[in-house]
Amino acid sequence: MKKLLKIENLCVSFGGIKALQGVTFDVEEGTITALIGPNGAGKTTVFNCVTGFYKAQSGQLEFEGKSHKVDISKLLGSTFHWQQLFSPKGLKDWLRYNVFGGSHLVAQSGIARTFQNIRLFKDMTVLENLLVAQHQNVSKNVLASLFGLNSFTTKENQALERGLELLEIFSLGEYRDRLAGELSYGMQRRLEIARALCIHPKLICLDEPAAGLNPNETADLSALIMKIRRDFNVTVFVIEHDMSMVMKISDHIVVLDHGKVIARGTPEEVKSNRTVISAYLGEEG
Amino acid sequence: MSSRNQLMDYIKQGLTTFFLSFITLGPLAAWQLQGYEVSGSILRAFRVSLALAVLRVIIMGINSRRQNNKREVKGLGLHSKVGSRSLSGIFQWENHNQGTKLLLSAALFVAVIAPMFGGNYALTVGITAFIYVLLGLGLNIVVGLAGLLDLGFVAFYAVGAYSYALGAEHLGIGFWGAIPFAAGLAAFLGCLLAFPVLRMHGDYLAIVTLGFGEIIRLILNNWLEFTGGPNGIKAPYPSLFGLEFTRSARIEDGTTFHEFLGIEYSSDYRYMFIYATLLLVVACTIFAVSKLKNMSIGRAWEALREDEIACRSLGINHVTVKLSAFAMGASIAGVAGVFFAAYQGFINPTSFSFFESALILAIVVLGGLGSIPGVIMAAIVLTVLPELLRQFAEYRILIFGISMVVMMIWKPRGMMANVRGRLKVKPIRQSAKT
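Protein chains in written order, with this note's numbering: chain Y, 1 to 285; chain V, 1 to 434.
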């Protein structure tokens with residue numbers, strides 16, 4: 001199968017703490033890949049590197065983007081070398097990636113994400129949350145927007161259609177005009193996933209989507225994740241603590257402990273792996 | 001195919017309008033009174049009808065460009081149940097409730113007829129109020145929508161005022177040229193300020209913008225040769241098509257407004273002219289700003305206020321979004337500055353102290369962050385009330401402070417809190433579907 005995301009030898013440290021020490025694994029296209037591990041193993045750090053919120057000290061992050069192959073760490077800019085002053089291309093690249101670059105370029109190349117602590121636009125309506133996410137697809141021509149010309153309304157209507165349709169799929173249709181902050185916790189989780197899907201991603205990274213949900217809601221969420229993979233043709237990369245859910249939905253599991261990959265494979269392989277068991281339950285005396 | 005049909009439609013409508021107006025208006029338009037003689041010319045009737053026909057076609061063209069707003073939702077076919085139910089219809093945003101609309105139209109009506117009764121003094125109060133409405137709307141973009149606390153907003157106001165006064169002196173820019181010039185210059189300075197503060201939030205941002213405001217004021221105060229320093233600088237009175245509003249023309253062979261119309265000179269005309277132009281500018285600004293909310297850029301500003309990290313995770317470039325907010329807000333303040341200079345005829349740095357920034361911020365906060373009718377109302381209240389309460393002038397700041405505290409306790413979201421837009425989906429009639 002085609003590799004969508006290639007992570008090689010990823011190292012990140014915060015001061016003296018080595019959060020990631022040479023993490024290497026791939027995410028294959030069309031799969032649901034889960035990243036598990038005890039608290040503080042560095043799962044969210046991996047996520048933040050993949051989505052461009054942290055810059056890795058070393059290592060390769062390659063993503064098969066919507067149009068071309070993307071080197072994620074390059075999008076975040078690099079330190080300035082004085083030689084760049086003398087080459088127009090170098091200077092242009094530096095300006096492009098350091099001044100105007102950042103994690104939004106990663107998102108534009110096709111990686112969407114949700115957050116561990118939900119980050120919705122709480123004072124905006126549910127529908128507006130989905131419209132903001134389609135910023136890249138709507139007309140940015142201010143004059144056309146002011147006078148409601150065709151070029152604006154066609155795209156605007158498409159964005160509205162997609163938003164409304166996603167709300168129906170995520171059973172949030174009736175809450176369209178409510179403020180996002182007023183929704184219940186489970187609905188907010190669903191809305192955040194819907195919002196991430198609005199940017200037409202190839203890879204969607206879900207950071208603990210089942211945290212704080214009851215078993216029924218978790219079961220619904222599992223079904224929903226399977227459904228979005230099928231209907232939206234996206235690859236799902238998920239961090240989760242709920243083992244029953246992880247074992248049920250994922251095709252591939254990567255286990256992380258103390259910033260290192262200790263096991264990878266299918267759910268069955270990981271379940272019977274001795275290192276994984278000892279990492280979770282502690283060494284047997 | 002459809003474009004050809006459309007062309008035929010235009011021609012048909014144009015011809016119909018032409019003949020109808022020729023028949024109905026022709027007899028009237030053809031006759032012309034010259035002295036005591038009445039002369040008829042068919043050419044005149046022809047011209048009037050032709051003009052009407054062209055107008056008709058232009059209106060049709062504009063309408064057809066907007067027609068597409070009314071289209072049916074087809075759906076993406078992802079979900080079989082969707083598309084048939086609630087989604088069919090015409091999309092329409094409802095941003096205000098009926099009361100607000102009524103209030104705004106009433107305010108506009110009062111603004112149009114008030115000068116007829118109020119006289120000179122009412123006009124000057126009205127001009128001040130409108131200038132603060134503009135400033136409030138500008139800062140509302142930066143603070144209310146984009147959530148960037150700006151305590152040095154008066155700097156852009158000063159830039160607008162000085163670019164008119166200095167532009168007239170050194171570059172020969174007139175009143176009308178100064179409006180886009182000041183807007184552009186203020187927007188540029190807004191971007192310049194925004195760059196270093198891109199990574200700042202809240203308190204830090206407030207301090208830096210405060211510093212920026214003071215820098216501009218100190219430059220204006222101390223650069224004696226260029227700005228005139230504390231002595232200030234004279235700003236020319238505005239003109240309309242080259243007609244000046246002065247007692248006698250300052251340029252050679254120039255005509256003044258009252259000479260041109262053959263009426264008695266009065267300083268009221270100048271105020272009336274500024275008032276009318278300002279009303280027009282305010283109306284245009286309100287129109288543009290109220291549309292912003294349903295545009296991609298306005299939504300991005302609000303999203304940035306809510307959560308910058310989430311914005312970035314959705315592919316929104318926070319750099320350009322912040323720059324555009326600063327630039328847009330600053331350009332509105334720049335325009336307000338031009339009007340201030342044109343109305344005062346003289347400007348010096350004391351008009352652009354920190355107190356002004358605080359007043360504008362108070363307007364935005366009291367009115368309701370992000371709420372356009374609220375900001376307009378607060379601007380009018382905060383400029384008109386001090387005029388009405390002249391006898392309590394000494395207690396002005398005290399009353400101001402108390403009212404601020406009371407407001408924040410009773411109505412923390414402002415006089416008229418920001419109302420979120422609701423999407424209305426109007427069902428389409430069956431016949432329209434075919």
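None of these hints come from the bench; they were simulated from the model.
Where hints are given, some of them may not hold.
Listed next, the in silico BS3-like pairs over lysine-lysine satisfying Cα-Cα at most 30 Å (straight line) [to be verified]:
1. Y:Lys92 with Y:Lys18
2. Y:Lys18 with Y:Lys260
3. Y:Lys140 with Y:Lys3
4. V:Lys424 with Y:Lys155
5. V:Lys411 with Y:Lys140
6. Y:Lys140 with Y:Lys69
7. Y:Lys202 with Y:Lys227
8. V:Lys101 with Y:Lys122
9. Y:Lys140 with V:Lys234
10. Y:Lys248 with Y:Lys227
11. Y:Lys74 with Y:Lys227
12. V:Lys101 with V:Lys291
13. V:Lys12 with Y:Lys122
14. Y:Lys2 with Y:Lys202
15. Y:Lys140 with Y:Lys2
16. V:Lys291 with Y:Lys122
17. Y:Lys18 with Y:Lys69
18. Y:Lys74 with Y:Lys55
19. Y:Lys155 with Y:Lys89
20. Y:Lys89 with Y:Lys74
21. V:Lys234 with Y:Lys122
22. Y:Lys248 with Y:Lys74
23. Y:Lys260 with Y:Lys55
24. Y:Lys66 with Y:Lys155
25. V:Lys291 with Y:Lys140
26. V:Lys291 with Y:Lys155
27. V:Lys411 with V:Lys424
28. Y:Lys155 with V:Lys411
29. Y:Lys6 with Y:Lys18
30. Y:Lys66 with Y:Lys202
Violations among the numbered hints, reported as their numbers in ascending order: 1, 3, 5, 9, 11, 13, 15, 19, 21, 22, 28
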